[in-house]
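S.K.: Residue-level listing of the chains:
Number of protein chains: 2
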Amino acid sequence: LKAALAIATFLISSSAALADEGMWTFNNFPAQKVKQKYGFEPSQEWLDHVRLSSLRLAQGCSASLVSRNGLVMTNHHCAHACIEQLSTAQKDYVASGFYARTEKDEVKCPVLEANQLTQITDVTDRVRAAIKGLEGKEYNDALKGEMSRIEKECATSSEVRCDVVSLYHNGIFNLYKYRRFQDVRLVFAPEFAIAFFGGDPDNFNFPRYDLDVSFLRIYDGDRPARTDHYFKWSPEGAKDGDLTFVAGNPGGTSRLSTVAELEYQRDVALPANLLRLAELRGLLTDFADRGAEFKRISSPLLFGVENSSKGLFGRQQSLLDKTFFASKVAAEQAFRSKINLDPAKKRAYGGAWDAIAKAESDLKNIRRPLVYIEQGSGFQAQLFSIAKTLVRTSEELPKPNEKRFREYADSAMPAVKQRLFSPAPIYDDLEIATLTFSLTKLREMLGPDDPVVRKVLGKDSPKELATALVKGTKLKDVKLRQALFDGGKKAVDASDDPMIQLARKIDGDARAIRKHYEDNIESVEKKNHELIAKANFEIYGTSNYPDATFTARLSYGQVKGWIENGKPVKPITTVSGAFERDTGREPFALPGSWLAAKSKLNPSTPMNFCTTNDIIGGNSGSPVINKNGDVIGLIFDGNIHSLGGEYGFDEALNRAVAVHSAALTEALGKVYGANRILEELRPQQGSGGK
Amino acid sequence: LKAALAIATFLISSSAALADEGMWTFNNFPAQKVKQKYGFEPSQEWLDHVRLSSLRLAQGCSASLVSRNGLVMTNHHCAHACIEQLSTAQKDYVASGFYARTEKDEVKCPVLEANQLTQITDVTDRVRAAIKGLEGKEYNDALKGEMSRIEKECATSSEVRCDVVSLYHNGIFNLYKYRRFQDVRLVFAPEFAIAFFGGDPDNFNFPRYDLDVSFLRIYDGDRPARTDHYFKWSPEGAKDGDLTFVAGNPGGTSRLSTVAELEYQRDVALPANLLRLAELRGLLTDFADRGAEFKRISSPLLFGVENSSKGLFGRQQSLLDKTFFASKVAAEQAFRSKINLDPAKKRAYGGAWDAIAKAESDLKNIRRPLVYIEQGSGFQAQLFSIAKTLVRTSEELPKPNEKRFREYADSAMPAVKQRLFSPAPIYDDLEIATLTFSLTKLREMLGPDDPVVRKVLGKDSPKELATALVKGTKLKDVKLRQALFDGGKKAVDASDDPMIQLARKIDGDARAIRKHYEDNIESVEKKNHELIAKANFEIYGTSNYPDATFTARLSYGQVKGWIENGKPVKPITTVSGAFERDTGREPFALPGSWLAAKSKLNPSTPMNFCTTNDIIGGNSGSPVINKNGDVIGLIFDGNIHSLGGEYGFDEALNRAVAVHSAALTEALGKVYGANRILEELRPQQGSGGK
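For the protein sequence lines, the chains are A and B, in the order given.
Using the numbering used here, count along the first sequence one by one with no gaps and you end on 885.
Using the numbering used here, count along the second sequence one by one with no gaps and you end on 885.
It is worth saying that the hints were derived from the structure and are not from the lab.
What you are looking at is a predicted structure, and each value in this text was computed from that prediction instead of being measured.
Take the hints with a grain of salt, since some may be wrong.
Heads up, the list lumps identical chains together, so a pair's fine if it works in one copy or across two of them.
[What the hints assert, rightly or not] Here are the simulated DSSO-like pairs of lysine-lysine, each with C-alpha atoms no more than 30 angstroms apart in a straight line:
{"id": "1", "residue 1": "Lys517", "residue 2": "Lys505"}
{"id": "2", "residue 1": "Lys232", "residue 2": "Lys541"}
{"id": "3", "residue 1": "Lys228", "residue 2": "Lys303"}
{"id": "4", "residue 1": "Lys327", "residue 2": "Lys434"}
{"id": "5", "residue 1": "Lys666", "residue 2": "Lys490"}
Chain A extracted, bound-state conformation (with noise of 0.2 angstroms):
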């Protein structure tokens, strides 16, 4: 799939620069390189309009303000946890589809954040002096100590998020100061079928037809956000060649990762997630096959595996790219013989790949336990996952701020009692099942003779005890979570409840390996890479981009195809293309509202188009707007080359795939009669602010 193409990186002079690469800070925009390609000079108004526009979902999307009264658009998969958690088995609004006729039909997501990016500020000395000529602990604990502190000092009212972001991989450090929005309702969304038409199958590729959109509404005080910032919506939409911006935040890249942590995702990491997802996947696949309430409540979970498994696996395929491997190793060792041939550099930064070399062979060796104890594989299940915060939570936040693990820093806090405190339901049945599983795979991974198995099992089967932790616990009652976190240690050593007391025993153990990693491990990495950022500072200065950090991002290209074993793929498809995909038959099956409106709708209107924006993972939901800052699609996925581009870009094949704006206005007014909805979109309705 992954073409053999040299990829641009961080390391690759600008000469080489002008393809459309980048997830660019809204504080270095290339302003220069998109006049230079395409004629047109974004101005630093436009980049601030277009900034305070976009939103980030907080749990793992993008999204933007496409009114004046805080409508948000986003995708559906986006929105898909909380319309199940909105759903009953009387109700399946995943299945039907959702749409608040009137603002008060609007309902509250249980779990859904927005951030509006109000603020960047330089914070890099202040981080600098505080971790100066330090190392290991010391070098990370400072580090931590001192964001969580930057932190603290900026929040300064839970309306407030601060986040202190590691760019470059410690090169710069900036304060990211957002509007915080927890009261984020639903308004529409299309049925599942249509939002996803193609399913897994088609996921990931390209030609596409799917409606991937769900519109929320911020509110402020019970009523919804006045927006001064917002995009109006392009009459035209998305042309061929079209020059697109994409503002979002990309999840996570790993183009500046050096060879020995690419070998230990290509050799260990990447191997053993996949073969736990695809485990899982079919362990899901059978239990929604037990009949519709198995399928509704496991939907979601199954989704996420599924699209999981295909990204990693495309991910895994670019590595195994001899070619592609072999301009990474070339080019990191062309680096560093740049660096060793002058002897203050050689001192200063010559160490730095065989440290993180070390780290990975270290991390290696405690991957199971670090996985499977501390993060989670082994005790997959939301009730654990409550249990395990409020016990850590009971220990933690008695610390001082700056001494806490930094997922319960102050500046933490809002969003972890948003999901210790959520009403979403929780599904006996599910919750088996997954606990089950990873208590399975626990024993399986550490042997059943480690000493934590042993804990945990005794000699129960991990079914037994899965059933037992999940039909006994209390922790699905808020009230009881709330007066656990209330009562703080005293009342969490207190508790008799099976979840918290499993959470409890494990909790020294977890901390152990998670201390041996940040300690022995993290830590050497993030020192190491602070190095390598500041040797390529040195040599390269900042006119590139850092990897992506689920930030704030703007990325250009154009609406344009691409060539497949020798055939053009065009880049737009049209609505007549869904009808002629429809099998009748999930997941090709057009839900009956469009089979309904069929003889309504224009079928040459545009459905969804790609282009050469450089995007990934997170850019979920994000904008797609042309040079006037209007909406002109509805970012929801990458083609098949796009999963290489944790590693690289490559715009001979990458490209994003997008939601055509046109096919959007079509479906809410002659699909849905969302009439609500077109209205406020409408772009006579005013001028967004610029």
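Take the given structure of chain A and dock chain B to it, following the hints.
M.R.: Just chain B, lined up with the frame of chain A:
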């Protein structure tokens, strides 16, 4: 898991080969080496006796004759399918065990064939004459045609089985003549709970406490076969340090594979197979969890899937071991350099490796259609296999013997017919589950727009189609199979059975991809491996052993523990250990019979032991014998390090794992009261022919 030690291969000089390495053919056994290391030199008479006392189970295991009346010892897991096939929802012999109190109670296994190797003849010259100067399709056709011709001449009745065996990858061709037994009856099997005590977690591990045994009997004309050669039972059994021989049929190794072939395995085949197995494992785990009968009917398949998963995972780990892989690369480079120094050798053999590398690269491109359309991964159901066999025999049998697909040559037909006409039950639920799974994977692997996928699925979902096929076919009726087989092409073409029609519909596509593979890839691999083998013989002679080929081999070694992470592992466990490991829960639950017999059992009776014998999958059921030719144990597994044995042998860590003969007699007597068997095994019973 796999230690990074340089591993002896074909290319390593014999001076290094004092390790207990090698799966030796009976006509090239290194008796002198054994004498040198262990002071015992097996005579020709001794070797002949061992060969004739050993059996191959044609479905994929090894076994031995242990009485003059055709009593056969093998593993429980080698008879697992038979035991399940003889069971019903009301009487589950897998769970309860089976014991025929009298000869009349012995029940015929539907699909078991035992082979006794009576003669080995060298036919290298004849085969070489047929393929001389040929390449590609002509080479392959001539090779297969000549093999089928030789086999047909040899197999004078259905009681005689003849296989031409290619050794050293077409370096030597031997004709193996067997006495064939298709009437194989079940005599005794313990409960699955003790046969596979510790289940998947303990599989491929040691210390171990399994009674993985079953006793069968070969019949001849409805009476127990009289056997002149059989193994006597050792009064003492295995002791630490004992010289041990294992006679059996290792299924296959890849120690002589080229680096390009190993890379194909590491980067393409193993990852793909592991992911498929993992998903199927998850699916079957949940399927079994639906209820007792679901569990019963799926247990042999799940066992096989888990066993393969763990085995292939171990192989993958050994290829991912950088030091080990580098040793393979270095050995190949050294050998190629040696050849290239001699212009004549360079001309004759120098291009072989690159030719194979090119073939592997081509194979990568056609792997999915080959595996999914022709090799059955897209149509995993017994009923489909039956339909395909009927379609293929109707096409192949009218052809001259030497022009047929090899699996339908006259010499192969007794095995084909046994499978085709087996009365073993077939379960709709399981058939639908595996067929749905495999059709879904077919679509996933080839894509929903692939012409074959479209032809197969039409507008159906995989589950709809699988259900319609399984419910619609009449092929569970053995008489119908017989009628279609007897009616030949006319009957098959006229059949309106939906499974037959599916098999016919894709047969052309399946043949086309197979033809491409055989003509352009397989033939290149064979031809060039023949060249490499010749080069090897010229430089090193035939003082080494060939890769395993599921034919009779003899290995030598000793009872010996090893050092694991700095700690010694003792080589022999005792019965008391099984009771200590018992949790009362699967897979660590001792059966009621053992708990009831606990006070009678001598706790210090040896239970399992490990040896340095070089074995691999297919050796399951092999007897472990001492220098007297007496049974001291029963091979049933290898330790975790043995999994890398696919590619090389590391005497420091690789161990074969066996049931101790004393545990067998202790359990037969005190747990099962199987005195009829004990009597038959009694050492004083006879001389065993020697």
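S.K.: Taking the hints in turn, state whether each one holds.
M.R.: Now the hints, each set against the structure:
1. For the homomeric pair Lys517 and Lys505, the shortest alpha-carbon distances inside one copy (20 angstroms) and between copies (27 angstroms) are both at most 30 angstroms.
2. For the homomeric pair Lys232 and Lys541, neither the shortest alpha-carbon distance inside one copy (37 angstroms) nor that between copies (54 angstroms) is at most 30 angstroms.
3. Taking the shortest alpha-carbon separations for Lys228 and Lys303, neither the intra-copy value of 42 angstroms nor the inter-copy value of 79 angstroms comes in at or below 30 angstroms.
4. Within a single copy, Lys327 and Lys434 get their C-alpha atoms no closer than 51 angstroms, and across copies no closer than 63 angstroms, so neither meets the 30 angstroms cut-off.
5. Both within a single protomer and between protomers do Lys666 and Lys490 lie at most 30 angstroms apart by alpha-carbon distance, with minima of 21 angstroms and 24 angstroms respectively.
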